[in-house]
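Model the placement of chains B and C on the given structure of chain A, informed by the hints.
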Amino acid sequence: MTVALAPAGLRGSPWLTFAVRRLGRFAVSLWVLVTTAFLMIQLIPGDPVRAALGLTAPVELVNARRAALGLDDPLWQQYVHYLGGLITGDFGASMMSGQPVGEVIGDRLPATLQLALPAFAVVIAVAIPLGLAFAVLTRGGRRRGSELGFTSTTVLLAAIPEFLLAVALVAFFAVQLGWFPVAGSDSASSLVLPVIALALGPASVLARIVRVETLSVLGNDFIRTARAKRLPARLVYLRHALPNALTATLTMCGLMLTGMVAGTVLVENVFAWPGLGSTIAQSILQKDYPLVQGIVLVYGIGVLLVNLLVDVLLAVLDPRSTIRES
Amino acid sequence: MSDLVFEAVSVRYGGRRGLTAVDHVGLTVPSGQVVGLVGESGSGKSTLARAAVGLSPVSAGRVLLGGVDVRKLPRRRPLQMVFQDPYSSLDPRMSIGESITEAIPRGVLPGRAARRDEVARLLELVNLDPERAGHLPGQLSGGQRQRVALARALAGRPEVLIADEITSALDVSVQGAVLNLVRSVQRRLGLSMLFISHNLAVVRYLSDIVAVMYLGRIVEVGPAEQVLTDPQHPYTRDLLAAAPSAHTSLFDTGADEATADVEPADPHHPPSGCRYHTRCPAGPLVRADRELCFQADPTEDAASRRHSAACHFSETESHQPAIPRGASAP
Amino acid sequence: MVNRRAKWVAALRTPVGAFSATLLVLVIALAALAPILWHDNAFAIDTDAIGQGPSAAHWLGTDDLGRDILFRVLVATRLSVVLAVLATVIGVVTGLVLGTLPSLLPRPAARLIVSAVNIAVAFPGLLLVLFFSVIFGVGTHGAVMAVGFALAPAFARLAQTLSASVAGQDFVSAARISGVGRIRLLVRHILPNIGEPLVVNATIGAGASLLAFSGLSFLGIGVQAPEYDWGRLLGEGLNGIYVNPAAALAPGVAVVLAGLAFNLVGETVAGVIGVRTGLRKFAPRPVAPAREDVVEDRDDAVLVVENLQVAFPRPSGWTVPVRGVSFTVRAGEAIGVVGESGSGKSLTGLAVSKLVEAPAVVTADRLDFAGKPLLTTPERELRGLLGTSLAMVFQDPMTSFNPTTRIGRQLAEVAEQHQGLPRAKASERAVDRLRAVRIPAAERRARQYPHEFSGGMRQRAMIGMGLMGDPRLIIADEPTTALDVTVQRQLLRLLAQTRAERGTAIILISHDIAVVSQTCERILVMYAGRVVEDLPSAGTPRHPYTRALLAATLDLDTDRDAPLAVIPGRPPEPDRVPNGCAFADRCPAVTDKCRLEDPVLERVETGHRVACWYPSETLFSQPAKETVTAGGAE
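Chains as they are written, first to last, in our numbering: chain A, 1 to 326; chain B, 1 to 330; chain C, 1 to 634.
Since the hints were derived computationally from the structure, they do not count as laboratory data.
Far from chain B, by Cβ distances over 10 Å, these chain C residues were calculated:
| id | residue |
| --- | --- |
| 1 | Arg-5 |
| 2 | Val-16 |
| 3 | Leu-24 |
| 4 | Val-25 |
| 5 | Ala-31 |
| 6 | Trp-59 |
| 7 | Val-82 |
| 8 | Ser-115 |
| 9 | Ala-164 |
| 10 | Val-253 |
| 11 | Gly-266 |
| 12 | Val-272 |
| 13 | Arg-366 |
| 14 | Glu-381 |
| 15 | Asp-396 |
| 16 | Gly-420 |
The calculated lysine to any residue pairs, modelled on SDA-like cross-linking and capped at a C-alpha distance of 25 Å, are:
| id | chain 1 | residue 1 | chain 2 | residue 2 |
| --- | --- | --- | --- | --- |
| 17 | C | Lys-425 | C | Gly-384 |
| 18 | C | Lys-372 | C | Glu-416 |
| 19 | C | Lys-354 | A | Arg-239 |
| 20 | C | Lys-7 | A | Arg-139 |
Beta carbons: idealized from backbone N, C-alpha and C, even for Gly.
Bound conformation, chain A alone (with noise of 0.2 Å):
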């Protein structure tokens, strides 16, 4: 019943109130993750030092470790003084080296980044005119063979884990051929297989995905309207179709980007590349809580961000979603 009808976008200031509104969301978020990762540790089932350290390990060492990692002290206090560290930027030691977590994750979160931002970026370029264009070519049930194909394809692409693809491009590029190198970060020939084996399954979702929009849009009844207009196709679809697919588009690509950096984990170790999700495998088996802790709240603040930045991305260029908003 409730039908929009007065300029919303002129009385009082509803950027202002979508920009406190999505900052106080993230707040709470960020609140909640960095609870959620304290208390991982609490829920661990037993001792976690004695876990990490080992059954054989002396009495005196567990407690003194334990002490230096204030696990004695009652809850709320370690609640408190995780928090007040964090503040500070300390984000505890490491179990096994002894080194500070904020330092491990400063040399290792480059690595990784030089990994995921160029995958995101060939995802992106790749992804969308691709969709775009096999939705064009088979709209209305044209071409049911190009659909097939392109179908197939991606479907086949995307069943694919990123380290199962990363696999295959070692034995086929590296061990067979010996174009790139098998694994490490020495190069920069050394970036193709990876950002390649993280790129290609997200691209096949994406183009899939930026395909199902574009044919719904072009469902709709203004882009009728447009036809009716006699604008040539071209116009048509990248002045009509397209802008309204890619809102729609845009949350997923906010997933794709948060599901990449988690790709980045299996990749990583496939090819022994220096970044925080090999860091993270092996410290989540040797039981290092506190780096496993740090890297868990560095990966969610990323997340959290992206997500941050799909949601002002959408308010900007839907001319809707500050109405929704409000």
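Here is chains B and C on its own, set in the frame of chain A:
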């Protein structure tokens, strides 16, 4: 005994920037009579109906059924509703027989056989073959679904029936059959009925009393024939004039140029004073001396006017209104 | 139900359906049988062949203990699949509980769950898996729990959205009014209606958890030696990738194939449920020849339509919703097209404006607009003509404008394209046209987005868009159906005035015969894809359908004490039109001839054509209904 009375009912949605969809509405559906409620989309007529059955939150006022607040009635109230869209009002996975059975109050008809007979009786009542009880809604046409929806509403043994735009999704050729049915059922069972429609002709055909709603308020109410032949509120007059008819020309009944192209008001920010003044062809836009409309709210003393019209410049009532007007707005 | 089975069979016959079903059967068979058949082979240690590549004895080579990799991959099927399915069950059940609980719990608790799910769902699955595996510990049990719980938020969200959309339907409201309790509502109404999409997604989810599991095992966090699943085999194989790439690739291929099997089966099921059946190629449809009098050709005709047909390919064959329509529109004439839903009136409007897209096929003996044959002239040549001389107004003002572009730009685009105006000039013209359709504060309104306009104002803007050129014909398809009566009258007046000022012809398509006779001087009555009567609005209807339609139309003069006139039965489905007169089954004056022979639209007097064997000569019994009085525009 089964009067349905809205007492200064308000329905508000949302917080600070919210919307008052229904604003202090008083309306009575007398026992055994049909009250037709008309108004444009966004006027709050459906919200008012939904408030009676508990689907919209009543933020102020009361809805009384036979003198009892409906919120204090048991969960199965003697108050049923038929909806607009025949395609979403029946569960696609339940046979129509099951849908109707579900609405039979528990304990009324113990035993499977008794309930099956009741379903058959109800289907016959709405002119459907009882053999179809096993059919899924997907196998029925829009008009047939609307009959099933009516049968389901009747299964709840209502004293009051609310019909919300029940024919607006139907073709003309089907509409007549549904309206004939509703009328015969209402008369046979002596139901009180609140019949909502945006179509004045449909409301006129079915109703004993007509109420006209505009921007969350009732602006005129009275016996159907009187309201339609001698409308008191300019909005009612405008609605009557705008009703498409093969017998009148588009330009026969002139609304004034000054108000012809005005946009409908924003329900989030209702106009001050008389809510209709932004569109009123007899109001301040046309006659500069009627400044009163900007300031004073005509619903406050509406009861003193003929048809309880919410218009400062309508006739005052010379005798007592024939229809009690629920509780008038404070 | 038969229909349903046929759909499943059809789905299995598609290449994707057949492939996925075979793959799934194969995976399940392997999971069941492989450990029984080859358990010993998989553990047999061949000390002569340690860490070797493929050979005749060991097709995929051996691992560093000399065990055969092929057998190990085959045997690992069971553990891999079972663990994935277990994790999926945990995920789906947890998700379903979290997703449907909010509808049962009191509000604060419900909101808490919803927002917790919303936060969790933003995190990629793998991060959640890692997080949970820290808590549940390294090993098979921990990994099953971790993967399961990591799936849960996504399913919770899915269940939430699905049940919210079901809960918004009227049948749930109706059940609530009948006093059905919350739990019964959930069990009887909501769960059955969200079941299918949930099952589909659970299948796809099983594929995802298979992949996640192999990832975990690959990292060493999942299955621990001596047990092994595909992920573990893969991790072990990677170490010897230089010696024997097959050791790493084989389990990888197994994971992908099994994952694909789950995924594709899910998609196939979704396809069947969503009624997405493939279209086959059809032989071109033989076009029925014109059956009607050739339309009188006039010099001042804007639009000449002869034997217009529109056909759609359906799995069962061609469906023809428009079956040979002929009419002319003269300059400045206003023609109304009326009919019930499904009569083909809107499709006729789209077809004459060349907006019907493939796979539908439009044919006509003649379709001339402003003297140009629309079906034979190349698209490029037509663009300018149609863009400036033909205007369209569509039914739903809420969806007919591009929501991301300002109204002014959407109008200006026309002038830029067809009149070659520069951007600034085009925008000026747009504002001018908005003023011409009497939109208040046109300059400001031009800078607004469609959602800031009311429905009536959008329809005005739509007419204004048509006036960017110099239209000779406006086709308005139910332009006022979504609007209130007062707004409807404003809009009809605007159309009439535009016509009076510019001599523009109008085709007004509507289900409401009263609206049409108020606005137009001639009415085409359509039934089952044909024009059954073409009469002046002032004339006396002679087709029984037109008469019945008029009698059934309620207005403010309808006798309140008499029952309403009704037309029994329903119009025929477009793919089941009878051989004789399509109206025969509902006609009060039907004879055998009507059922056998289809009447042709013939002239009965000047400007009046009827397709009926027995066109009524008598007048209506009620004098008030004798004529459809002309309104016409002055």
